[in-house]
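K.L.:
Sequence:
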Amino acid sequence: MAKRSKVRATPTSRPRPAPPTARRRLGPLALLLAAAALTIIGAAQLHSVWSKLPGPSLKRLDWDAFWDAQDEIAGRAQEGSILVIISRHFTRALHEPDRLPVLIDDARAGAARLPHTHLGRLQLAALTMLGLERDGTPAAQWWPRLRVYLEGLDNASFPHFMPDLIEAEASILTQLGLRPGPARRAALGQVGSAHGPLLQYFVRQMHAVAAERRRAGDEASADRCQRIVCRLLREWVLAPGPAGLRLLAAELLADTLDEAADPSAASTAVTIARKCRAWRSAYRGSAAAIASPPPALRIVGDPTCAWSVTPSLLSWLALAAWTASAAAAVGLLALLTGVFWIKTGTSPRRGSRQLVAAVLAAVMIVLVGWQATVWAPDLVAADFQRIESDQLGLPRMPFIAALVGWLLAGLAALLGGRNAQPKQPVGRSAAITWLVLSVLLLPLVFAADIFRREYDAGLAYPLNEQLSQIADPNADGLLDELRAWHP
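The UniProt record's numbering applies: residue 1 is where the sequence shown begins, and numbers increase by one.
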């Protein structure tokens, strides 16, 4: 009987995967290209939002063209410009006494071109008093030199035309490329504090002159000096203008009324003085509670605009910058490891577990960034300072975002699935995370731009509305009291 031959069964081996075709490789390549394109678009939009902020916008401004265009200002705005120039002459004379004669001559020429205000005469009086003081002339001998400027001003008005000048300069700045809000604030920053030193000096010295006239028995001249000071300060508290100037006028008016010699006006004077000081204190308290904005949002130190928008704008800008930095870092990881993924031609749709892990990693990266803006506002503010400064070093948040992006993208690759070639799942997971981050970046930038527009609108508020946002001067009836009071 023939033996049955045993046929040894060969063990079945797992078939090797077919080499990927060029068509299968297009999927990973298309994913990488889409993520790169969206990241570039989001970063470009973020840069556009940043460049529209007041600080960067002012850096690009052609200031030579601005000064040339100022020569074309006409009407009351031109008078406001002349008044600012004369006040700046006074401030310069304080620091450069030798130039006082030249500055006085130029101020006289400017004052002759002021048909709608008598303020120029008061400025010339201040310059004259400064010259007399520098020469050592006693205050008792000043009146003959001052009479020519002060006589006939008992019922005069002294408008400074600041709103007209600010509007004219804002129009020039808008034509040079600034948006209306930053343009208005920049114009306010150019001229807002020009009259302060002259006003303080004029009021102080007029009190001294009035006291000397009373000692000499000239009550009429003393009353004239006091009346002119009160009318000037009353008008400047009531008139729209820079907040700092109105508050200074209110403080000086309160000091003046406290020294009022007319008993019949004592009750009204005390009430107005008290309300002036209360308003100034309320403004200082409210302004002190407002954090100073970073250089990118700052134009002038006076916080009379919608700073309530500032924290939201900074948070959205910081979150968008965080997401862009993380997307760039994860994108670099995806590109470095993507070659191994592209070689296999594995579709990104395969492996739902890895897909979910990669998407969650992207969401977690954004959430970590949001928490960073909430819990570390000082770090965010410091980074904005670093961006605008050449001496503080590089901002730190982008590097932290990159590190968080790498860690979470790598963790998603490890948790999302196993593979014989570790670089393959890392590349696929990083690419998916990169794509999701680039998609999330676009609405974040859009939200930041919305708050940037609200901030610009707050900057464009009229002067009265800007002031009322910090402390309403008529909250206790101060303005009504001043309108009813005629010194």
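Keep in mind that the hints were calculated from the coordinates and are not lab data.
Every value quoted in this text rests on a predicted model; they were computed, and no experiment measured them.
Cβ atoms here follow ideal geometry from the backbone N, Cα and C, with glycine treated the same way.
One should not assume that every hint holds.
For each label pair, taking beta carbons as the anchor points, the in silico distance ranges come out as [to be verified]:
{"no.": "1", "residue 1": "Pro-144", "residue 2": "Gln-385", "range": "23 to 31 Å"}
{"no.": "2", "residue 1": "Arg-274", "residue 2": "Gln-385", "range": "57 to 65 Å"}
{"no.": "3", "residue 1": "Asp-68", "residue 2": "Asp-472", "range": "35 to 43 Å"}
{"no.": "4", "residue 1": "Glu-96", "residue 2": "Phe-446", "range": "51 to 59 Å"}
{"no.": "5", "residue 1": "His-486", "residue 2": "Arg-204", "range": "22 to 30 Å"}
{"no.": "6", "residue 1": "His-116", "residue 2": "Arg-215", "range": "32 to 40 Å"}
{"no.": "7", "residue 1": "Glu-96", "residue 2": "Ala-211", "range": "49 to 57 Å"}
{"no.": "8", "residue 1": "Leu-238", "residue 2": "Phe-446", "range": "54 to 62 Å"}
{"no.": "9", "residue 1": "Gln-385", "residue 2": "Ala-216", "range": "27 to 35 Å"}
{"no.": "10", "residue 1": "Arg-92", "residue 2": "Glu-259", "range": "44 to 52 Å"}
{"no.": "11", "residue 1": "Pro-377", "residue 2": "Arg-113", "range": "46 to 54 Å"}
{"no.": "12", "residue 1": "Arg-483", "residue 2": "Ile-40", "range": "33 to 41 Å"}
{"no.": "13", "residue 1": "Gln-141", "residue 2": "Arg-483", "range": "32 to 40 Å"}
{"no.": "14", "residue 1": "Pro-443", "residue 2": "Arg-353", "range": "55 to 63 Å"}
K.L.:
All the hints need checking, so say for each whether the structure fits it.
P.N.:
Hint check results:
At roughly 55 Å, the beta-carbon separation of Pro-144 and Gln-385 lies outside the given 23 to 31 Å, and the hint is violated. For the pair Arg-274 and Gln-385, the supplied restraint of 57 to 65 Å is violated, since their beta-carbon distance comes to about 40 Å. For Asp-68 and Asp-472, the Cβ-Cβ distance of about 39 Å falls inside the hinted range of 35 to 43 Å, so the restraint holds. Remark: the range hint 51 to 59 Å for Glu-96 to Phe-446 is upheld by a beta-carbon distance near 52 Å.
Look at His-486 against Arg-204: about 24 Å separates their beta carbons, and that is inside 22 to 30 Å. As the Cβ distance of His-116 to Arg-215 is approximately 36 Å, the hint placing it in 32 to 40 Å holds. Under the hint 49 to 57 Å, the C-beta atoms of Glu-96 and Ala-211, about 29 Å apart, miss the expected range. Taking the beta carbon of each, Leu-238 and Phe-446 are about 43 Å apart, not inside 54 to 62 Å as hinted.
Against the hinted window of 27 to 35 Å, the Cβ-Cβ separation of Gln-385 and Ala-216 comes to about 58 Å, which falls outside the hint. With their beta carbons about 30 Å apart, Arg-92 and Glu-259 fall outside the hinted range of 44 to 52 Å. A hinted range of 46 to 54 Å for the beta carbons of Pro-377 and Arg-113 is consistent with their spacing of about 50 Å. Judged by the Cβ atoms, the range 33 to 41 Å given for Arg-483 and Ile-40 is violated: they are separated by roughly 59 Å.
Checked against the given bound of 32 to 40 Å, the beta carbons of Gln-141 and Arg-483, roughly 38 Å apart, stay inside it. At about 27 Å, the CB distance of Pro-443 to Arg-353 disagrees with the hint of 55 to 63 Å.
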